[in-house]
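Protein chains in written order, with our numbering: chain C, 4 to 246; chain X, 48 to 523.
Certain hints may be false.
Unchecked claim - Dumping the calculated DMTMM-like pairs for lysine to aspartate or glutamate here, alpha-carbon to alpha-carbon at most 20 Å:
1. X:234 - X:305
2. C:189 - C:156
3. C:90 - C:239
4. C:189 - C:154
5. C:189 - C:200
6. C:90 - C:100
7. C:90 - C:18
8. C:90 - X:77
9. C:90 - X:76
10. X:234 - X:77
11. C:90 - C:20
12. C:90 - X:305
13. X:234 - C:87
14. C:90 - X:69
15. C:189 - C:176
Quick caveat, the hints were computed from the structure, so don't treat them as lab data.
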Amino acid sequence: MPDRPSILVPVRVLDGESIPEGAPELLATAHVVLLGYHVVPDQTATGQAKMQFEDRANNRLDRFESGLEDAGATVERRLVFTHDGQKTIDRISDRGDILAVLVPNGTGPPADVLVAVRGTAGVGRIVDVVAGLFRSTDVAVTLYHVRETNETDDDITTFLDGVRARLTGLGMDPSAIDTRIDPEQKRLAAIATAAEEYDALVMGESDPSLTTFVFGMPANQIADRFLGPVLVVQREASQSESS
Amino acid sequence: MGDQRFGVETGGENVVGEAPAEEPEIFTEEATVHDDETELERTIGLAGGLAIGIGTMIGAGIFVFPGLAASIAGPAAALSFAIGGVVALLVALPTSELATAMPRSGGGYYFVSRGMGAGYGAIVGLGLWLGLVFASAFYLVGLGHYASAVLAEVGIDLGFDPVTGVALLLGVVLTALSIGGTENTAKLQNGVVGILLTVLTVFLTYGVLDALGVFGSQGTPGVFFSQGTFPVLTTAALVFTSYLGFAQVATVAGEIQEPGRNLPRAMIGSVLVVTVFYVVTIFVATSAFGAARLGQFGETAMVEVARNFLGLPGAVAILVAGLLATFSSANASILSASRAVYALSRDALLPRRASEVNLRFGTPHVALLAAGGPILVLVATGRVELLAEVASFLHLVMYGLICVALLVIRRRNPDWYTPSYRIPAYPFLPVLGAGASFGLVAFMQPASIVVGTGILVLSYLWYRYYASEVSLRGAI
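Generate the whole structure from the sequences, applying the supplied hints.
In structure tokens, the structure reads:
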């Protein structure tokens, strides 16, 4: 049995962002690293913003923290004043123990979760996140794969069966795991479309930088069309350092 | 460099009952950590640090001073700039050591107040703020000269000398932009500095080749010490304003990534880069025209040098470069002045309100106005040389005291003092740095010395009145 998966939840704490509805339920069995950050313009010293806004930010984080804890999560929190929000999220998510990052879109309590899987690389961490979050819940997960060039049906079946076996090996109920395979097409667009039928999306980090993924172009594709929360599973620390 | 624990304890209250803000506990390479898990992200890399240093400095030395300096010192003005560079380097090394031990915003003020106590801190801090105000005013007047030269170039005659008016207008625009602008000014600054260095490298390379006779006509070098040797030193004191930027890197020390590595490189590197550019510029300029004629062209002499080499396109390139350079120098100085006000206010040496952040723009409007307001008053005087010298005076006093602070702290050797960069040739180097800084002051015009000393005295009186109970010195 793995420990609680560590999930980073970045919140732009003073600009009206908050923990969306449904997220505490989604993360009920996680160890949440709650990152409140506030982006200040270059003209302003970060310490200057801290002097003025620290109390207000902490009040908001207190509320978020108790909301997450009430749902069952353990919470570790950080408050960062920064000129560059992406750099801050990168730094915290790169510290090694973070398995996934939540893009905090709203949702109801999750019942069906789409899990996009591509190949064996990195799938171990996706499995850890999914099993860690959902094995003791009623959530149904759907393993989703978009066919790639030169892949045979056998390849895909073998791969997805392997993932399913690892999930059940970690305590997931086999009946809670479904699979879905779509024909070859643009992968990100396909994920975004498929996710519309689900309450939340789990997917791997595929770009070198997590943040271009979360907040850059592919994220727009996903977030514009899929308004639920997205859990972006981090690649291994050693992998991301060598890239 | 691993994580660095920090042990400065501040205390006391000022006259209205404000205490200095808490000191941070740990410096890491990427953040400053206060207790209860609040962090300040470090976001400026080596390139950004160099851009602050070079961007602040290069405007004055190349685009304002060559004509003035050559008229006073002759071709030996190149030596004046070299002397300025050596003095700057003598201070940049100790500043680097202190900055790696205390990578917090406030720069020289912070080191002196933690090393030597609140009294010296107040003198240096208020002096730094006003020194930057004088420097900004000086850059703005330079900018006014370039804008006027542009008007003259396109044939617009306003019927009066527009320098001061343009400078005032741009001062208002700049302050307003700093308060209301939320675009990424740091990236803009990096780009401007990159463009400047490219333009200057092309121009100076051509100029050097020309001066050496590659293009057929030998330059007109004249006698090196045409005005004697003494004016070389007074000119060094005057043009020292061209070397104020490296310490601005230290005013944002709290925001520099991997401070142990990047702070020394940015400060020392920017001094070396601009020194080379300055010396070559003076060599090229005096070779092209001879010092006397160059002096007649005044603040925009470089435009005429470029016209001489490359015709109208050259003149236009240098005009544009001059506008960019003086604008970026003025902008960087206003922002640094605002950081200085914040550092003082954080330590209760100025009212806490002075570091208030605007809720709409997220910018420190009070501190920026505390910089922009006095700048306009000074610009209105239009006295380039006085502004430059007072700015240099106030900075040189700070530089001297930075060297003294290093000596004091190294002698006391407190537990928390663990710089990752240590200067060579201790204690000779800081002693020499302090001596050179204070010594250069002696070569300034009497008026500048009087104004500068007056500001120091008023700063000390303010401290006695407002914050004599505040203690800032690091524990032993």
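Q: Go through the numbered hints given earlier and state which of them the structure violates, listing their numbers in rising order.
A: The structure breaks hints 14, 15; every other hint is satisfied.
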